[in-house]
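Chains as they are written, first to last, in my numbering: chain A, 1 to 493; chain B, 1 to 356.
One should not assume that every hint holds.
As the list claims (entries may be wrong) - Straight-line alpha carbon distances no greater than 25 Å define the calculated DSS-like cross-link-like pairs of lysine-lysine that follow: (1) B:K32 / A:K424; (2) B:K31 / A:K420; (3) B:K119 / A:K46; (4) B:K122 / A:K42; (5) A:K267 / B:K314; (6) B:K34 / A:K46; (7) A:K46 / B:K39; (8) A:K46 / A:K227; (9) A:K423 / B:K31; (10) B:K330 / A:K222; (11) B:K43 / A:K423; (12) B:K277 / A:K272; (13) B:K31 / A:K42; (14) A:K222 / B:K31; (15) A:K46 / B:K182; (16) B:K119 / A:K424; (17) B:K90 / A:K46; (18) A:K426 / B:K277; (19) A:K138 / B:K31; (20) A:K117 / B:K33; (21) A:K424 / B:K33; (22) A:K267 / B:K33; (23) A:K132 / B:K31; (24) B:K34 / A:K420; (25) B:K182 / A:K423; (26) B:K323 / A:K144; (27) A:K299 / B:K182; (28) B:K277 / A:K46.
Simulated from the structure, these hints should not be mistaken for lab results.
These figures come from a predicted structure and were not determined experimentally.
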Amino acid sequence: MSWSYIVHLIFTFFLFGIFVYAIFLMVSYLGISLYSIGETDKYIHKNVFTDFSVLASSSYAPTLSIIAPAYNEGKGIVENVRSLLAIYYSSLEVIVVNDGSKDDSMEILINAYELEKVDYFIHYQISTENVKGVYKSKNPLFNKLIVVDKENGGKSDALNAGINVSTNNYIVCIDADCVLEQDAMLKMVKPFLEQTDVRVIASGGVLRIANSCIVENGRLVKVIMQKEYLPRMQSLEYIRAFILGRMGWSRLNGLLLISGAFGVFDKEIVIKCGGYSTQTVGEDMELVVRMRRYLEEQKMKYKVVYIPDPLCWTEAPNTFKILGRQRNRWARGLYETLRMHRRMFFNPKYRLLGMLSYPFWFFFELGGPLVEFFGFIFFIVFALTGMIDWNFSLLLILFVIFFAYTYSAFAIYMDVYTDKEYKKRKDVLQLILTSFTEPFYFHPYIVVSTVRGYFDLFRKKKGWGEMTREGFTQTSTPTTKPNSVTTHAGQIS
Amino acid sequence: MNENTLIAGIEVFIFSIIIILAFTYGTLYIKKKKFVYQKYLHKNLEDWLSTGIIEDADKNVVALPTLKFLLLLKNPILRQLTINELLALKRTFWGDAAKNITVLYVQLGLKDFSLKKMKSNKWHVKARAIQELYLMQQREALPRIYKNVNSQNEFIRMEAQIGIIHLIGFDGLRFLNVIDNKLTEWQQIKLLDQLSKFPLNEDILAADIPRWLKSPNETVIMFAMKLVDRYHRYSEYDNVAACLSHEVEPVRKQAVNTLHRIQNENTAQLFIAQYDKETYFNKLNILNNLEDIATEKESEFLTRLLQEPNDTLKLRAARILAKCHSKGLKTLEHAGQLQAVPYQQIYLHIKGEMAR
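Please model the complete structure; the sequences and the hints are all you need to start from.
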């Protein structure tokens with residue numbers, strides 16, 4: 001067997017492998033997307049019969065504890081807390097956890113909300129870093145507010161501290177800098193009231209990009225298509241993920257991720273599972289996977305509910321540097337989560353979770369960027385060694401690219417069909433044109449950042465990396481929102 | 001796998017993209033058209049309402065809107081939009097204006113349209129038809145709506161149940177005698193909301209609540225207890241107390257909540273007797289409900305609870321003890337002196353709470 005024959009064999013195997021992988025990936029994504037249509041339709045029809053205001057005024061509505069971790073968010077914290085206190089829901093407490101900020105967040109909060117340190121007995125159902133103090137307001141206007149000041153332990157630790165302090169049966173974990181829709185809480189809570197034999201353990205909604213949108217006094221007043229390329233591109237990504245992917249998984253009851261930016265959880269199950277893991281930077285996904293795993297092992301009927309309405313608006317990275325850090329962290333979080341729960345991989349004991357959800361995430365979400373990255377390297381090597389059949393290779397690349405365009409176009413159509421935010425022809429055209437650039441500009445960067453995340457894992461790199469936010473476009477007093485805030489509590493997916 | 005296959009694949013994708021884009025812009029166009037029609041309908045109907053004179057009060061006849069408006073109704077989509085608009089107006093207007101809207105709904109043949117939709121096999125069309133009929137006060141449709149209170153489809157049966165209450169108030173609660181499916185908490189909230197729009201019917205509640213409290217359907221029991229709670233049916237105290245021994249945990253929880261609302265001098269002791277038999281969350285609920293009804297008589301029990309292994313239960317018991325007994329806070333202070341962790345912190349927590 002000659003050397004050139006072996007190389008040719010490797011090349012053929014490589015090309016065939018890429019093709020087969022691409023086909024599997026396409027079929028999976030397309031299958032999930034098409035499967036999502038029925039659920040989307042059902043939700044649209046169901047909404048006709050839903051009057052959320054009934055819930056807002058009912059004394060039988062469940063009580064909620066909102067937990068908002070904050071780290072170095074001093075410049076925007078007052079406005080963010082005000083926005084949380086103004087949430088349209090009758091019975092809730094707002095717990096802001098200052099996770100050892102190095103800035104003057106605590107002082108600002110104390111002054112703005114007339115806080116005083118109180119003796120507070122905490123039942124440590126989940127172990128956390130030391131809590132330095134619990135603060136409550138002297139002003140009865142802010143009696144819903146509890147501020148926990150603790151030593152730095154990361155977002156998960158801060159959320160766990162909030163869970164320990166919370167007194168209600170349902171917890172709402174939210175990023176302090178998110179902007180919620182007026183009826184977001186009502187929509188998220190309703191599934192818990194609809195449960196009968198199947199226990200609802202968590203609910204999440206659609207996250208949307210708020211860059212360029214107008215925010216007034218903590219409320220989103222006007223949705224505007226993102227003017228900058230990166231946020232617009234991420235907007236398209238979010239539409240694909242939330243409108244197609246999560247909806248389909250929700251219908252299958254195989255959803256593994258409730259966005260860390262906004263999710264409601266059954267506190268009893270969260271505590272039984274040990275709360276958020278501090279061993280991963282993908283704590284939002286890890287918690288959902290662990291809760292599901294726990295209930296599978298207990299052989300309990302349960303579901304994770306997904307609300308296909310835009311409920312929460314967040315600011316997306318608008319520079320490649322920050323975007324890269326974010327995707328690096330997501331990659332590490334995904335790897336860590338899947339590694340922690342590797343026992344479920346094709347394990348029939350975990351039913352759909354083990355046989356479908358986990359393998360999908362493993363092969364396509366975790367493996368996809370690796371296949372693309374190494375595929376590209378092999379492609380260059382083969383090109384340099386003159387082994388490439390250019391016609392075929394270019395056709396294969398075009399085949400994959402046009403699939404991506406089709407998928408994006410379908411996501412945009414579903415967004416329009418479901419009457420979400422972008423209703424102008426110009427906005428839709430912008431999204432379509434943006435999607436055409438994705439394979440050449442945005443996507444390669446995402447793949448590289450993700451692969452760097454995997455490499456960082458081997459270099460034992462931990463932590464979130466700093467996220468710099470620009471702040472929303474405000475029409476209210478400019479002092480309430482930062483122009484630039486450095487935080488590491490801003491995960492958006 | 002060859003080049004031709006890939007080319008064919010690419011062609012399929014390009015074709016799909018063109019089709020999807022055509023659908024997208026088509027959908028945008030239709031939505032815009034609908035929006036324009038909606039605005040037109042809204043304006044027309046509002047103008048009509050402002051001048052809407054009942055032509056013949058006895059025969060329930062109103063002056064019809066413009067001819068152009070009527071012509072639109074030939075189109076089933078626009079007919080549905082008109083119904084939607086009428087329903088939206090019905091929600092905002094009262095008195096004669098609301099009555100005129102109902103008369104117009106019938107006069108334009110939209111009631112027949114709704115009745116026809118009730119025969120649909122699509123759940124959302126049928127549920128929508130029920131909703132339209134009850135919101136437009138079509139009592140003649142009551143028997144047809146009632147047939148659906150046990151529908152296999154949750155949305156149809158929910159709308160039917162709401163519809164019955166909407167049309168005949170407390171009398172409509174008789175559906176509780178026949179339903180096999182569970183009433184979700186959400187549905188119970190909606191039913192209570194509907195009932196709140198009617199004057200209390202003592203007779204029905206007095207006659208039927210005892211039966212519902214013994215229903216084989218635990219959600220009917222829970223709903224009945226909410227009725228007891230909402231309408232202060234003190235006479236049902238014993239029947240509700242009997243629910244404390246129900247095997248379903250949420251039923252027992254609701255029983256505690258309801259008994260708290262219709263409490264008497266024995267309620268606190270009843271809760272104490274129940275406490276040890278309960279799950280953790282029901283124990284918490286008992287303590288929450290005990291907070292404002294406990295007296296010095298319960299202090300012995302509460303002092304015992306300070307030894308509970310669970311810290312949350314300890315804290316709740318301590319809070320009640322401090323409130324119900326003049327020496328409760330002293331007891332906590334003393335416990336803190338004997339064993340600093342966790343009692344000292346609990347004492348300070350409660351003391352601070354009481355001072356605020």
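Now for the hints, and whether the structure bears them out:
With a CA separation close to 9 Å, the supplied pair B:K32 and A:K424 stays within the 25 Å bound. Annotation: proposed proximity of B:K31 to A:K420 holds, straight-line Cα distance about 12 Å (limit 25 Å). Our distance criterion of 25 Å between C-alpha atoms is met by B:K119 and A:K46, whose separation comes to about 19 Å. Simply put, B:K122 and A:K42 have alpha-carbon atoms about 11 Å apart, close enough for the 25 Å limit, and the pair holds.
Between A:K267 and B:K314 the alpha-carbon distance is near 19 Å, which keeps this suggested pair within the 25 Å criterion. Under the criterion of a C-alpha separation no larger than 25 Å, the hint pairing B:K34 with A:K46 is consistent with the structure, at around 20 Å. Between A:K46 and B:K39 the CA atoms are separated by roughly 24 Å; this keeps the pair inside 25 Å, and the hint holds. Simply put, A:K46 and A:K227 have alpha-carbon atoms about 34 Å apart, too far for the 25 Å limit, and the pair is violated.
Proposed proximity of A:K423 and B:K31 is supported: the alpha carbons are some 9 Å apart, at most 25 Å. A C-alpha spacing of about 57 Å is found between B:K330 and A:K222, which places the hinted pair above 25 Å, so the restraint is violated. Between the alpha carbons of B:K43 and A:K423 the distance comes to roughly 23 Å, so the proposed pair stays at or under 25 Å and holds. Distance restraint check for B:K277 and A:K272: the Cα-Cα separation of roughly 21 Å lies within the 25 Å cut-off, and the hinted pair is therefore satisfied.
Proposed proximity of B:K31 and A:K42 is supported: the alpha carbons are some 19 Å apart, at most 25 Å. Under the criterion of a C-alpha separation no larger than 25 Å, the hint pairing A:K222 with B:K31 is consistent with the structure, at around 20 Å. At most 25 Å may separate the alpha-carbon atoms for a hinted pair to count; A:K46 and B:K182 meet this at roughly 18 Å. At most 25 Å may separate the alpha-carbon atoms for a hinted pair to count; B:K119 and A:K424 exceed this at roughly 37 Å.
For the hint linking B:K90 to A:K46, the alpha-carbon distance of about 21 Å falls within 25 Å, and the restraint holds. Only pairs whose Cα atoms come within 25 Å are accepted, and A:K426 paired with B:K277 is rejected, the gap being roughly 64 Å. Taking the CA atoms of A:K138 and B:K31, the gap is about 51 Å. The hint is violated against a cut of 25 Å. Pair hint A:K117 plus B:K33 does not hold up; C-alpha atoms about 59 Å apart against a cutoff of 25 Å.
Restraint check for A:K424 and B:K33: the C-alpha separation of about 13 Å stays at or below 25 Å, so the hint holds. Among the hinted pairs, A:K267 with B:K33 is inconsistent with the structure: their alpha-carbon atoms are about 46 Å apart, more than 25 Å. Our distance criterion of 25 Å between C-alpha atoms is broken by A:K132 and B:K31, whose separation comes to about 55 Å. Of the pairs offered as hints, the one joining B:K34 and A:K420 holds, with about 16 Å between alpha carbons and a cut-off of 25 Å not exceeded.
Only pairs whose Cα atoms come within 25 Å are accepted, and B:K182 paired with A:K423 is rejected, the gap being roughly 39 Å. With a CA separation close to 22 Å, the supplied pair B:K323 and A:K144 stays within the 25 Å bound. Restraint check: the Cα-Cα separation between A:K299 and B:K182 comes to about 22 Å, which is no more than 25 Å; the hinted pair holds. A hinted pair counts as satisfied when its Cα atoms are at most 25 Å apart, and B:K277 with A:K46 does not qualify at roughly 40 Å.
Hint compliance for this structure: hints 8, 10, 16, 18, 19, 20, 22, 23, 25, 28 are broken, all remaining hints hold.
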